[in-house]
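Using the hints provided, position chains B, C and D relative to the given structure of chain A.
Residue numbers (the numbering used here), protein chains in the order written: chain A, 1 to 149; chain B, 1 to 149; chain C, 1 to 149; chain D, 1 to 149.
Just to be clear, a hint being listed does not mean it is correct.
Identical copies go unnamed one by one, so any copy, or any two together, can satisfy a pair.
[Claimed, not checked] Keeping only pairs whose Cα atoms sit at most 25 angstroms apart, straight-line, the calculated BS3-like set for lysine-lysine is:
1) Lys144 <-> Lys120
2) Lys112 <-> Lys135
3) Lys141 <-> Lys88
4) Lys135 <-> Lys102
5) Lys112 <-> Lys141
6) Lys135 <-> Lys88
7) Lys120 <-> Lys141
8) Lys88 <-> Lys144
The set of hints was computed from the structure by calculation and includes no laboratory data. The structure displayed is predicted, hence computed values, not measured ones.
4 protein chains.
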Amino acid sequence: MIAFMASEFSRRRRIEFAETDMAGIVHFAAFFRFMEETEALFWRSRGCSMFGRGEEGGYGWPKVRVFCEYLAPVYFEDVLETRLVVEKVGERSIVFGFRFWKCSGESGEPEKEIARGELKVACVPMERRAERELKAVPIPKELKEKLRE
Amino acid sequence: MIAFMASEFSRRRRIEFAETDMAGIVHFAAFFRFMEETEALFWRSRGCSMFGRGEEGGYGWPKVRVFCEYLAPVYFEDVLETRLVVEKVGERSIVFGFRFWKCSGESGEPEKEIARGELKVACVPMERRAERELKAVPIPKELKEKLRE
Amino acid sequence: MIAFMASEFSRRRRIEFAETDMAGIVHFAAFFRFMEETEALFWRSRGCSMFGRGEEGGYGWPKVRVFCEYLAPVYFEDVLETRLVVEKVGERSIVFGFRFWKCSGESGEPEKEIARGELKVACVPMERRAERELKAVPIPKELKEKLRE
Amino acid sequence: MIAFMASEFSRRRRIEFAETDMAGIVHFAAFFRFMEETEALFWRSRGCSMFGRGEEGGYGWPKVRVFCEYLAPVYFEDVLETRLVVEKVGERSIVFGFRFWKCSGESGEPEKEIARGELKVACVPMERRAERELKAVPIPKELKEKLRE
Numbered sequence: 001m002i003a004f005m006a007s008e009f010s011r012r013r014r015i016e017f018a019e020t021d022m023a024g025i026v027h028f029a030a031f032f033r034f035m036e037e038t039e040a041l042f043w044r045s046r047g048c049s050m051f052g053r054g055e056e057g058g059y060g061w062p063k064v065r066v067f068c069e070y071l072a073p074v075y076f077e078d079v080l081e082t083r084l085v086v087e088k089v090g091e092r093s094i095v096f097g098f099r100f101w102k103c104s105g106e107s108g109e110p111e112k113e114i115a116r117g118e119l120k121v122a123c124v125p126m127e128r129r130a131e132r133e134l135k136a137v138p139i140p141k142e143l144k145e146k147l148r149e
Numbered sequence: 001m002i003a004f005m006a007s008e009f010s011r012r013r014r015i016e017f018a019e020t021d022m023a024g025i026v027h028f029a030a031f032f033r034f035m036e037e038t039e040a041l042f043w044r045s046r047g048c049s050m051f052g053r054g055e056e057g058g059y060g061w062p063k064v065r066v067f068c069e070y071l072a073p074v075y076f077e078d079v080l081e082t083r084l085v086v087e088k089v090g091e092r093s094i095v096f097g098f099r100f101w102k103c104s105g106e107s108g109e110p111e112k113e114i115a116r117g118e119l120k121v122a123c124v125p126m127e128r129r130a131e132r133e134l135k136a137v138p139i140p141k142e143l144k145e146k147l148r149e
Numbered sequence: 001m002i003a004f005m006a007s008e009f010s011r012r013r014r015i016e017f018a019e020t021d022m023a024g025i026v027h028f029a030a031f032f033r034f035m036e037e038t039e040a041l042f043w044r045s046r047g048c049s050m051f052g053r054g055e056e057g058g059y060g061w062p063k064v065r066v067f068c069e070y071l072a073p074v075y076f077e078d079v080l081e082t083r084l085v086v087e088k089v090g091e092r093s094i095v096f097g098f099r100f101w102k103c104s105g106e107s108g109e110p111e112k113e114i115a116r117g118e119l120k121v122a123c124v125p126m127e128r129r130a131e132r133e134l135k136a137v138p139i140p141k142e143l144k145e146k147l148r149e
Numbered sequence: 001m002i003a004f005m006a007s008e009f010s011r012r013r014r015i016e017f018a019e020t021d022m023a024g025i026v027h028f029a030a031f032f033r034f035m036e037e038t039e040a041l042f043w044r045s046r047g048c049s050m051f052g053r054g055e056e057g058g059y060g061w062p063k064v065r066v067f068c069e070y071l072a073p074v075y076f077e078d079v080l081e082t083r084l085v086v087e088k089v090g091e092r093s094i095v096f097g098f099r100f101w102k103c104s105g106e107s108g109e110p111e112k113e114i115a116r117g118e119l120k121v122a123c124v125p126m127e128r129r130a131e132r133e134l135k136a137v138p139i140p141k142e143l144k145e146k147l148r149e
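Chain A extracted, bound-state conformation (with noise of 0.2 angstroms):
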């Protein structure tokens, strides 16, 4: 088990309206959401996608445990800003850890933290998807080393 903290990653955007419920606030649910699209963006960044589109050797990352704890309060309109870390790198999972804060507009201040939260996700090639099983396999040396970058 490597453990490491790599850079901190970040994006901004608008809670949408349909991410509301009747409370008024984000449903809870949708914080799952804003950390799988910060993971997705994150690979991007590194020149992969988190999900290999049935290219030879492509992977894909199943979630195999995953926790939000809720802070304060977020509205329809607010700018939330994700913040991802890469917690740890082990042999078949990686684990990124995320901090969410509310700020004062798009390109703002953060004012608020509004929540935390972890995805731990599993190596999985895609060929090994089709057989109905979702088996890790150790991860790539070369996608370890992007995670580091």
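Same frame as chain A, now just chains B, C and D:
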């Protein structure tokens, strides 16, 4: 173009919390999920699947054109009945019509019409999907017969 | 009924993983979220909010009738451009028209038309919402002017 | 902190098409909707609502901390059973535990454990919601009794 009216097919379920938005009502896009859920149930009632998972001769039914009009709002925990009719069976497509009624309870009377909608779906063999083109083919005779049952 | 064409308004973003379905393409209902996201952005560009949160004189815009037709599939990580035009401004409602284009990259050329849709929305004052009736009122003059900008 | 085990509570339903993603399996975030749907059903079985809609003395239960771990994938049209137990009743919060089982049919045997999860929810009176602060209060005695039934 063969046009006919199949006997009405329906299902009821309660509105879930995650289906509401900050206006306190069901989000308009949720009605398309209600339609598709009923479409899938309709196919199962005919001994088929709406999405033939890879098996030889399987078909998928991508949407070609859809609409919904909204007559009255529905709320969390309301019982909604979705009624499906096969409006048209064309050479390569089917039009399903939907009516939505709020009911006085899980086994109660329909009380108020909530919405009307339509899904036009095309017949696409599973093997075509891989080619990244969704070309519709003539609906097989056995499936057409199932629609008439 | 006043009909006019506002200058086109658009936004681009990548398709997220959670927006796909097991057919490997974007789920058809996601296009209604794309339309609403662009509608909200349009209102913000006019200095308003699509959902006046409780403030005096605020308005919401529940959907009255919506449709979408699908010309070609889009995939995970494709860049989709959503173009909005104000098609009609009626006494109590607005019709927004949408066209969806797949683009060759975040700053690249539009490549292929993917879908077309429409949202007809009604003007409902926030205080009416509490009464559990969504009665539309005449669109205030100041808002009509903002639509023409 | 009072800890106890309520009798298990469960519900079954089929996986819907819109709940799958391009990996061909149920999207991981959908499990949080399954948990919440079962939580809402649990409250109804106790004669309450998970979201007291404005009535005097009503309570909402925003999530404080949630997690899910995934043991095996589930697919479109699989029958999934969600089992809820009241794990802990605290002064101001409740922990619901969940286990997910794939079943051989709508009235068939549980076949395979799919996932485990947890929702920790806080007791917030409806009138507090308007103040845009979600401060938890002690759970009223009548509600605590209902949880024990």
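To see whether the hints hold, each was checked on the structure:
no., hint, result
1, Lys144 <-> Lys120, "within (15 angstroms within a copy, 35 angstroms between copies)"
2, Lys112 <-> Lys135, "between (40 angstroms within a copy, 16 angstroms between copies)"
3, Lys141 <-> Lys88, "within (15 angstroms within a copy, 44 angstroms between copies)"
4, Lys135 <-> Lys102, "between (38 angstroms within a copy, 19 angstroms between copies)"
5, Lys112 <-> Lys141, "neither (38 angstroms within a copy, 34 angstroms between copies)"
6, Lys135 <-> Lys88, "within (19 angstroms within a copy, 34 angstroms between copies)"
7, Lys120 <-> Lys141, "within (19 angstroms within a copy, 39 angstroms between copies)"
8, Lys88 <-> Lys144, "within (11 angstroms within a copy, 40 angstroms between copies)"
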